[in-house]
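**Student:** Just so you know, the sequences run in chain order A and B.
According to the numbering used here, the first sequence is numbered sequentially starting from 2.
According to the numbering used here, the second sequence is numbered sequentially starting from 1411.
Don't read these hints as lab results, they were simulated from the structure.
All values reported here derive from a predicted model rather than from experimental measurement.
One or more hints might be untrue.
Cβ pair distances, simulated, as ranges [said to hold, decoys possible]:
1) Gln150/A <-> Leu1504/B: 43 to 49 Å
2) Lys1425/B <-> Gly197/A: 35 to 41 Å
3) Gly42/A <-> Ile1619/B: 40 to 46 Å
When the alpha-carbon atoms are kept at most 27 Å apart in a straight line, the in silico DSSO-like pairs for lysine-lysine are as follows [said to hold, decoys possible]:
4) Lys1582/B <-> Lys147/A
5) Lys1582/B <-> Lys145/A
6) Lys286/A <-> Lys249/A
7) Lys1582/B <-> Lys159/A
8) Lys249/A <-> Lys61/A
Where a beta carbon is used, it is the ideal one built from N, C-alpha and C, also for glycine.
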Amino acid sequence: MAEPENDDTSCQPGPLAGAAELHEPLLVVEKLDKGFRLNDGSTLLVLKDFSLTIRDIKDKPQIVSLLGPSGSGKTTALRIIAGLDEPTAGCVLLTEGAGKPPRPVRVGDVGVVFQRYPLFEDLNVFNNLIEPAVRSGMSRQAAKDKAAQLLDEFDMLKQGLAWPMQLSGGQRQRVAILQQLMQDRHFIILDEPFSGLDPVNIMNVIELLTRTANMHTLNSFIIITHDVTSALIISDHVFLLGRERDAKGQPIPGARVMKEYDLIAEGLAYHPEVEDLPRFSEIRKEIKLVEFPKL
Amino acid sequence: MATAASKIFGGQPPKGAYLQAVRLIGNPGAFVRANLILIWLALFVLVWIFNPIKAMPYPSEIWQTLGEMWRLQGSQGLVYNTYVTLKLNVVGLLYATIISLVIAYLSVVPLFQPFNKTVQWLRYIPIVGFNLVFLTLFTIGWPMKVAMLTVGMSFFLVTSMTGVIASIPPLKFELARVLGYSDWQTFYRVIVRGTAPQMIDMIAQNAAIGWVMITAIETYNRTEGGIGSQIYAYSSINNLPAVYAYLIVIGVIAILEDWLFVLLKRALFPYTTVAERA
Ligand SMILES: Nc1ncnc2c1ncn2[C@@H]1O[C@H](COP(=O)(O)OP(=O)(O)OP(=O)(O)O)[C@@H](O)[C@H]1O
Ligand SMILES: [Mg+2]
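This is chain A alone, in the form it adopts within the complex (with noise of 0.2 Å):
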């Protein structure tokens, strides 16, 4: 099983590939497990056994958050995610749109929003959405149209010319979230997207992230974070990552995801005042109080 590279013959689609019509999967991860070669020659087992698959809701809004303490490997499923990594063994598949078959995640399939928001530096806030864009096959006027529209959604308008470097922490996150939505990728994922923010700012950025899933349904987002309260405001799905115990309690080496919450089910998904309902409050507690020192 624990094979050191991720031979193709073990990639190919699995049955869940051909399911449900009106919920096609869009994105399966299967079977994941991720080692590090420590520095005294050990191997450290990250990832073991991790699984999960997203599917389409027709014409929603969708997010979906990967939920997780510090250290228990999201970050590292990340990468994996986005064809960054290498897995030890299983494999990421995506399907392009309806009636395609799934197939391997590459580098650039997934868009990615690092955790501190590099851009290229020497390139303004305006080349910094277009260029990557008229790179990848977009004609250069399109891509100038689009960068405007969205930098205008974004309220960024008037900073198009400055340099990334004259730019405050939270336009850098929108210009890096922008510079990812330039491109019609199906999925991007945001590592961390709340850290580091004060709450009014956190609600921004929630409130920046739901607009934008809102007016771009084509795109899905992939939150990574450790804060609870704020994955269950914007998700519609949220994945909870963590480790089994063995008989004496100790946790086993290698995360997975233990539980999935559908949001959509528990009516808690697309409510504009979420934190009021009761049922919120207990999946928060059910979340902080049980699952999380468990993980």
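Fit chain B with the ligands to the known structure of chain A by using the hints.
**Tutor:** Using the frame of chain A, we list chain B with the ligands on its own:
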């Protein structure tokens, strides 16, 4: 005893007063700040003129000699020799820049890494140590001088340029890849464009190192003249004012050159001025 601190604070200096006094003295007024270089230069000239130990010729002597050298015609003159040296400097720098950039860029290709490493190691060997090699490869004179300067500067440039490339955060490459850049596009975007201003800094730095090499190289290849050969000739007949006159010429050219690189960097990459202010 009136120390600086007690003068400033009056009577018994409070705790930490000495440090504060030093800070005050080290923090000049607006006029001094605006003319800092000129003031230091004036101080230097004053010390030079009134220096009781006559290790250097006086400014007046040097100034006079400069005038004489300016009027000298042909291969003896200031203009001709400065031109010869400046030409060598510019051509050598140009070749060294191109060669070093290519070798430094190649350092990202595993196949060429040993080559890059070897070139970096060679910088520990004095350039004149390669004299015989150059003599067999080139005829003495212009080609050999250019080759020596180019090779000598390249050893240093390759090292510093490779260092610049090695210090690019991996995240920059990943950003480009995630945005769908191909390998070549990533190379151009992150390595070539991303490090261009730092490369200009490195070239400017090495142009300065180059002046040390030029005088040595021109001392070995005297047929064409040049500042190095003139310094050698003048010091062998103990004409110190002329030697210092040429040293000052080198200093002025080097400062102007450095200033040109700063202007070039600001004009080509305006975002670096933002970084400087931040
Ligand atoms: N390249 C690596 N080499 C060795 N160990 C690694 C490497 N990358 C990650 N790890 C280990 O894998 C584990 C999970 O790391 P990861 O960065 O995925 O956590 P995370 O869930 O993103 O945490 P955080 O919320 O703090 O960002 C950690 O124990 C970390 O030490
Ligand atoms: Mg992380």
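**Student:** A separate judgement is required for each hint: does it hold in the structure or not?
**Tutor:** Okay, the hints, checked on the actual structure:
1. For the pair Gln150/A and Leu1504/B, the supplied restraint of 43 to 49 Å holds, since their beta-carbon distance comes to about 45 Å.
2. At about 39 Å, the beta-carbon gap between Lys1425/B and Gly197/A stays in the expected band of 35 to 41 Å.
3. At roughly 43 Å, the beta-carbon separation of Gly42/A and Ile1619/B lies within the given 40 to 46 Å, and the hint holds.
4. Between Lys1582/B and Lys147/A the CA atoms are separated by roughly 24 Å; this keeps the pair inside 27 Å, and the hint holds.
5. Distance restraint check for Lys1582/B and Lys145/A: the Cα-Cα separation of roughly 23 Å lies within the 27 Å cut-off, and the hinted pair is therefore satisfied.
6. Taking the CA atoms of Lys286/A and Lys249/A, the gap is near 25 Å; set against the 27 Å cutoff, the hint holds.
7. A C-alpha spacing of about 26 Å is found between Lys1582/B and Lys159/A, which places the hinted pair at or below 27 Å, so the restraint holds.
8. Note on Lys249/A and Lys61/A: the hinted pairing is violated, with a Cα-Cα distance of about 44 Å set against a maximum of 27 Å.
When held up to the earlier numbered hints, the structure conflicts with hint 8 and nothing else.
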